[in-house]
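Q: Let's have the full structure, built from the sequences with the hints guiding it.
Line by line, the protein sequences are chains S and F.
Take 1 as the starting number for the first sequence in the working numbering and just add one per residue.
Take 1001 as the starting number for the second sequence in the working numbering and just add one per residue.
Do not take every clue at face value.
Now the in silico label distances, taken between C-beta atoms and shown as ranges [what the hints assert, rightly or not]:
#1 ARG1117/F to PRO777/S: 49 to 57 Å
#2 ALA1042/F to ARG669/S: 27 to 35 Å
#3 GLN627/S to ARG1013/F: 35 to 43 Å
#4 ALA704/S to ARG1013/F: 26 to 34 Å
#5 ALA1042/F to VAL647/S: 54 to 62 Å
#6 ASP664/S to ARG1013/F: 17 to 25 Å
None of these hints come from the bench; they were simulated from the model.
We put the beta carbon where it would ideally sit given N, CA and C, even for glycine.
Now for the letters of each chain:
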Amino acid sequence: MIRWFRRGRRENGSFLEGLTSTIASLRTVDEAASMLLSRLREALGAQRGAFFVKEPSDVSFRLVAEVGFDPPLAVKELEPSHPLIPLLGPMNPLLMRAVSQAPTITGVDPEAMLRIQEMRGEIFAGVPGNPGFAGILVLGAGSAEHSYGDEERDLLHDLMGPVAAALETAMAFAETERRTRQMEVLHEAARSLASTLDLEAVLHTLVASARKLVGARFAALAAFDKRGDLSHFVHDGLTPYTHGEITRKPSGRGLLGMVLKEGELLRLDEISRDPRAAGFPDGHPVMKNMVMVPIAAHGRVFGNLYVTEKANGQRFTGEDEKQLLSLAADGALALENARLFHETQLRLTKLQALYDVSERLARAQELDAILQVVADRGCVSVPPAEVAIIHMVDPTSGGLSARAVAARIAVAPDAAAWDLVRIIALETLQTGRMTYIPDVSHRPGLPIPALSAFRSMVSMPLIVGDEGNGNGSAGQEFDAAPAGPVVGEVLGVLCAASALPNAFDDDSLRLLATLSHQAAVAMSKARITTSLRQSLEALEQRSIELEASLSELRTTQSQLVQAAKLASLGTLSAGIAHELNNPLAGIKLHTQNLQLLRQRTALTDELLIENLLVIDELVDKASRIIQLFRTFARQSTGKHEAVDVNVPIDEALSMLGEQLRLRDIRVIREATVRISPVLGDPNQLEQVVVNLINNARDAMDRAASKELRLRTFETGGWVTLEVADTGCGIPASDRDRIFDPFYTTKEVGRGTGLGLSITHRIVENHGGRIEVDDNQPTGTVFRVILPRAKETSRRPS
Amino acid sequence: MNAAKILVVDDDRPLRHGLSQLLELAGYEVCTAEDGLEATEALAGQRFDLLLTDLKMPRMDGIELTREARRRLPWIPVIVLTGIGDLESVQEILQAGTVELVTKPFEANQMLSTIKRLLEIAANAAEG
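A: Listed below in structure tokens is the structure:
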């Protein structure tokens, strides 16, 4: 080995030339360093050698090549504090010395020193370069006897300049290439990020790009929602199995939480030594080193991006950090856009789901059809849900029965899975609250279904709120008010399940809650509808019965009206009998007198004529009374004709006058002659007058002064017929009721209570009205106001 | 013998006329009045052997008149004429004193025999 140096400068020169050109052809520092090391070892006859290089962006010297160490060197990096570094002196790298000549080195990693010191007679060569770039070359002869002397040192000294230049070239080239590749990655990432608004795609682009960008084994991204809760977690480089082993998503505490909170980057070379490493969940792959950068834009942190395990056991560099920050900046904007888009889309999906459900709710008649729609929507619109089941509470038994099932899984879940759904549904039924189980395997006491079946489950109560309840005042009009659900009553349970753990996020839960509400409303409506239908049927039945009663009543009423008329005749009968008795008695008396006179031959012509005239007069009187009686008693024809209102008054007085006279009632007529006729039924109008006179007569039974005033007059287009008495009067409080059928103040058996009711009806049928007033100083005035004939009906105001 | 004097009270003119004619034919002395008030005035001024009155009359009816007549002449026979519809008043009539009820229309002979019988009872009572 020493031979080589003694071959002379010319050989050395050509060796050097070959070496530098070889190095120049290599593209990476590692390759160049390996080549350099092996060639120098050979040339110097060294047994072992190592080459540390510090890149411009780095502070430590990284082991890039070693040869002859068995086992390989454990020291992969020489930090700035390493005792070897000062020996070289950063500004004076052209320094070589044998380790054997170096002062005693203390306070260094014993293993590192031990291995270095094994290299007895070894030689250090500082590789010069631009500020910040340097290398350390260590070559060992292997024994004290073969330690290198000044000659080798001089030669090496001569060599180091060109070696450094060659290395630097390789490094610059590698750096350029790496940068180009990174730029490509960044460019590709930017293009990819700009080309999509799909949140998932953006997230996956980000993690894949990050991993590629810095040559990491794993990359992951945690995105947070507005409240700071984890909304998405994507990763690259993890096998599905490894991912499945991660029990819970990062909770936002520890390392992840710190980055989120502070929005600052973090680089750890030995994660396990950092106390904050507690933030990683169980089952997370073992991580040695990592770089984590926040994804932030507009002062808001959307999440964090982290890469771990740099390739080839290397550490992440400051350059990696810069690149990741650049990617994260692009990513933040894309993420913000994507999130906005995603939120919009989610709302759209949700709205679409709700619209679908609402539309079908509106169309569907059958509850089960509606529930099936809701279940289907639950499955389709909530992506992680693989099964959606709606149970309904049986109102009588209180138990649950599945009414709608929707699934989008190929393999039917096993019985245990269904048992699980049922258990959770029952729990929700009991508590009346949502049950969310992120992972059934972490909940004790549950039957764990087969691996392929449900891992996470959610169960929502179907409860009717205030607004969905039709059980208002409208229902209380019926005897059997519709039995609508009580507010807060659990009508059923909607369950959704997924084979993935932690499958339901806030958005999913919200949508499921809305769907639950829809289902609850549907159930509530169905129940009300059923109840209403029953009420309706009952009402229909009652309506039929009522109609029958009504037609019966109508018959009865017309009979009653006639009966009332006849009854009012009955009250007249005493007077009528009296009036008929008198003429009949008179006729009989006079005929007998005539016979008596003839027997006694005292019948002169004069006496005969005198008695016959009396008899004639009495017969006329009797027949007139009978005629009035018959007219009044007959059924009204209902035909209207022009009537002078004075006529029914006169007719009534003819019938009742005798009674009034016998009761000491003074009758005062104030008739307007040549009054305009009214259009009406004379018989009915007479009945009106008879009724009013009868009432007046009875009202004055115990009155001190008995005066009946009958007036007719005309104002405007109206004809008024007034009946005033000086009787007991009608209290104002009773005036509303006096026209009610069967309302009477008279003692039992005396009045039918129908008189005024019939009077009122007759007057209304004639297009008129009745007014009741106090008479002065006592008594009551009834005014019947009727439209003048040939005048279009206009009610008095 | 002096003819018995009868006061006929009725508001119905033809009946008053017919009754006067009948009673005068039978030989009685007859006085008439239109109602109870007019009759009491007659009772106050003259002596009567029998009162024949209608039940229903304005101002003062047959019942009041009977009371008034009995107050003055406790023994006087009274005949009250009633209509078919007046039967509810019978109780009141009977309370007013011992009277004979005759329902209109009546037989002339029956009326005359009733008057004769009442006058005989009254005469016997006066003698006794």
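Q: What are the numbers of the hints the structure violates, in ascending order?
A: 3 and 5
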